[in-house]
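Trainee: Listed below, chain by chain, are the residues.
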Amino acid sequence: MADPVKQGNGTPPVLQLLGVSKYFPGVIANEDVNLDVRPGEILGLLGENGAGKSTLMNVVTGIYQADAGEIILDGYGAEFATPQDAIRAGIGMVHQHFKLVPAFTVAENIHLGWSETPKRTSRAVLEARTRELSERFGFPVDPAARVETLSAGEQQRVEILRVLSREARLLILDEPTAVLTPQETRELFTALRAFRAKGNAVIIISHKLDEVMEITDRVTVLRAGRNVGTWATADCSPNMLAATMVGHDIQRQDLHARSGDAAPVSTAPVISLRDVTVRNDQNVVTLSDVTLDIFGGEIFGVAGVAGNGQRELTEILTGLITPSAGTILLDGQAAPSGAAAFAKAGVGHIPQDRLNSALAPSLGITDNMAVREYDRAPIGSGVLYRATEAHALAETIAEVADVTIPDFSMPVRNLSGGNQQRLVARREMRIARRLLVAAYPSRGLDIGAIASMHRYFASLRDEGVAVVIVSEDLGELLGLSDRIGVLCGGRMMAVLDSITADSEEIGLLMGGRTSGASVQTEALT
Amino acid sequence: MSRFQRFPTAPARRILVCRAIAILVSVIVVSLLLAMSGRNVGELAHLVLTSTIGSRFGLEDLALFMTPLLLTGGAVTVTRRMGLWNIGGEGQFYLGAAGAAGVGLFIHGPAILILPLMALAAMLCGMIWILLPALARAFADVNEIITTLLLNFVAGLLVYWLATGPWRDRVTGALASTERLPVSIPDLWGVVHWGFPLALLIVGGLAAIMSSTRWGYEVRISGASAGMARYAGMPVRVRIISAMLLSGALAALAGMFEVAGTVHRLQGGMADNFGYLGIVVAVLARGSCLAVIPAAFLMALILDVGIVLQTQQVAATVVLAITGLVLLLVAIADECAHYRVVTPATGRTVRKAS
Ligand SMILES: Nc1ncnc2c1ncn2[C@@H]1O[C@H](COP(=O)(O)OP(=O)(O)OP(=O)(O)O)[C@@H](O)[C@H]1O
Ligand SMILES: [Mg+2]
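Protein chains in written order, with our numbering: chain A, 1 to 525; chain B, 1 to 354.
Careful: at least some of the hints might be erroneous.
[As the list claims (entries may be wrong)] Beyond 12 Å from chain B on every Cβ pair, some chain A residues (computed):
{"id": "1", "residue": "167"}
{"id": "2", "residue": "315"}
{"id": "3", "residue": "338"}
{"id": "4", "residue": "360"}
{"id": "5", "residue": "367"}
{"id": "6", "residue": "370"}
{"id": "7", "residue": "372"}
{"id": "8", "residue": "379"}
{"id": "9", "residue": "380"}
{"id": "10", "residue": "460"}
[Unchecked claim] Derived list of chain B stretches under chain A, where covered just means 3 residues or more per stretch with a C-beta under 8 Å from a C-beta of chain A:
{"id": "11", "stretch": "221-228"}
{"id": "12", "stretch": "316-325"}
[Said to hold, decoys possible] Pairwise CB distance ranges (calculated):
{"id": "13", "chain 1": "A", "residue 1": "124", "chain 2": "B", "residue 2": "143", "range": "28 to 38 Å"}
{"id": "14", "chain 1": "A", "residue 1": "98", "chain 2": "B", "residue 2": "145", "range": "50 to 60 Å"}
{"id": "15", "chain 1": "B", "residue 1": "230", "chain 2": "A", "residue 2": "402", "range": "26 to 36 Å"}
Read the hints as simulated data drawn from the structure, not as lab findings.
Just so you know, these numbers come straight off a predicted model, no measurement behind them.
C-beta atoms are modelled at their ideal positions from N, C-alpha and C, and glycine is treated no differently.
I would like the entire structure built from these sequences, with the hints used as guidance.
Mentor: Structural data, given as structure tokens:
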């Protein structure tokens, strides 16, 4: 393990934190954290879920106030009462969950709450200004588009442009690549390098270690709210960073290997789609003629560039939408209708956007954990809902998910992003007797949590449950699944055996090209 | 250097303290205004105290005011849990009163049978009155605030017509009211009838329904996150309709209590804004069923104080003004409860960055 970098004597840091602590009731989010970031560098901030990364950055940008410690900006003590103060001082942050107004256009969002927005103005002026900003900073956006119609990557560009246009010299990005496609990630990194080249600084929070290795100059690791050390990225390796974050070495295991007493792959499919087509509200076909059998005891990976029918496929598999044409069979029978019936039949669902679709952000953790089991004993009995039993369930889930919760009535939005994900994942695994559908399950999780979730997926498989995993990470899919289906433009391009498939072939299929001979349409029949 | 900072959540205790201060401030403001208009505030205060909480008659009056407010406040709170507003408490109150009066006037029998029948008829009428807004909301996404509000005026006119037209009092020839109902809710304590403890019980029951039934849980989830309700496959439409029907029934029951316990006849204008004041009660209660009880008490107190002031030749509109003032200050107090003094970290010994 390399030594932490000595405090250099070169350029003074843009930002320096000295002994910063932040406490929440029952939680030490940060304690005695020292950190500095210099002009012209990209600093990675690493740590497990709940290590306090987001909180620390919220302290820097004035959303929270530190309980102890000092923030030093350009060599002078600084304190920010509000995020506006921070942005005026040149610190801009893009949050883990975006904070744009969905009903407003890009131009309106860029100019919202900005002192330089002209007092009297028109749509055309705002759009022209936005176009000009977008060219100046090299972040292409469509000024007239409404934010709710944009993809995650496009929304993120708007967020970044919004911050850059306010002349940020220090850009803080909280898990920016979690929602991006590999292509969008590359574009983001190019823009960040250009930003750095002008002598600006970036702090980037990420769980993806290869990206951290690629883009950062130095890394600072937090563990349980405390600073473990800072290293030059050149002296690090992904394994060493992982071990530093978790505090012990992480063993990689081969998850394809089934345990000795594993249930065999079922002969009859758990769920079958027959010529399933889905049209959206605009009557556009978003899923086209998909025929698919998924068997108990297998992990089925779904590859594809985001927005090619993944959402529709997961919603079909979990009963959230009904197909416009085609049929769905659950265990050979016509599937029941409605998400509740699917859940009751043993179908668990970890959706893409957990905070807003799998959780009620403003309600307590107990209420949120009970949602799958409130209609059965011991929580539900007759018409009753037993709050004490719900609380016990929440405690059980939190324990297996390895999330410490000071107060179960605390709104679930106060949990760290990764901890929300862990709780949802465990809640869904409990009910998945037949099928578990997980969309981007490792998004926002630290590597330790990803490893334990993958192990759990494998053990569900060994118990004979069918597992469907949607992911953009081919490595994850190849390492875990038995078969991989590739979606492009709403079509299931091919279903490949993951032992023989290679990422190049999958890449071609994702782009809509079929490479003839190697394509098998039904690997397991 | 310390300063105020806004926190995303406010603990209940802070809210209570801030609200107590708000109410104190509104008392001071009202006293100042009265003093400026040349009144003897000390004398008035004494009078107000003795004739509200300071005497038996005052307490009886308070309980009488509280009874309908508990129910209309509860009615609005039920819909708030679902993320909706029932602004139509006034109309459902009228319909409940009319339904109860219809049974009381035209069906004769022992009170033990007739009274429950009146209550049933009232709740049924209230539910019918809110059914259309509920269906429109559930199936066509029509804003329930407007539909429930507009129906209030229709209900008010309907009761006027009944009381002056087909059901008018032909015995004494009194104007604008039906004859006295043959049955009434028995009195419990002075003029306070059994409706008061019943209303308290109903609010308590409502709290229990909300916190410990599956229905209450589904309403809570659907109201807090439409996305999660869809994800869990909850019957959101059915929950919208059932929550609104329950709300209509509660407001209508307030009308039945009023007609059978206090007024004893159906007359135009008898809802006396109790439906609208229920909204105020629900806002003060911040969506909590149990908090409806103290909120209704506060509202009843304001009404009572207003009546005392009226006997002292203070204009009747003063009640509205005081209500507005209290609501405004309470809203400010709720916001203030989010702020706390924070002392930025300077106390710690700073380490040398060498
Ligand atoms: N407003 C809050 N109230 C109470 N506790 C909070 C609040 N915000 C954060 N926490 C707690 O502080 C701890 C650190 O959370 P933080 O969001 O900083 O983690 P993180 O390092 O960003 O994790 P992740 O990788 O999962 O996003 C967590 O235990 C979290 O539950
Ligand atoms: Mg975070």
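Trainee: If you check each hint against the structure, which ones fail?
Mentor: 2, 3, 4, 5, 6, 7, 8, 9, 12, 14
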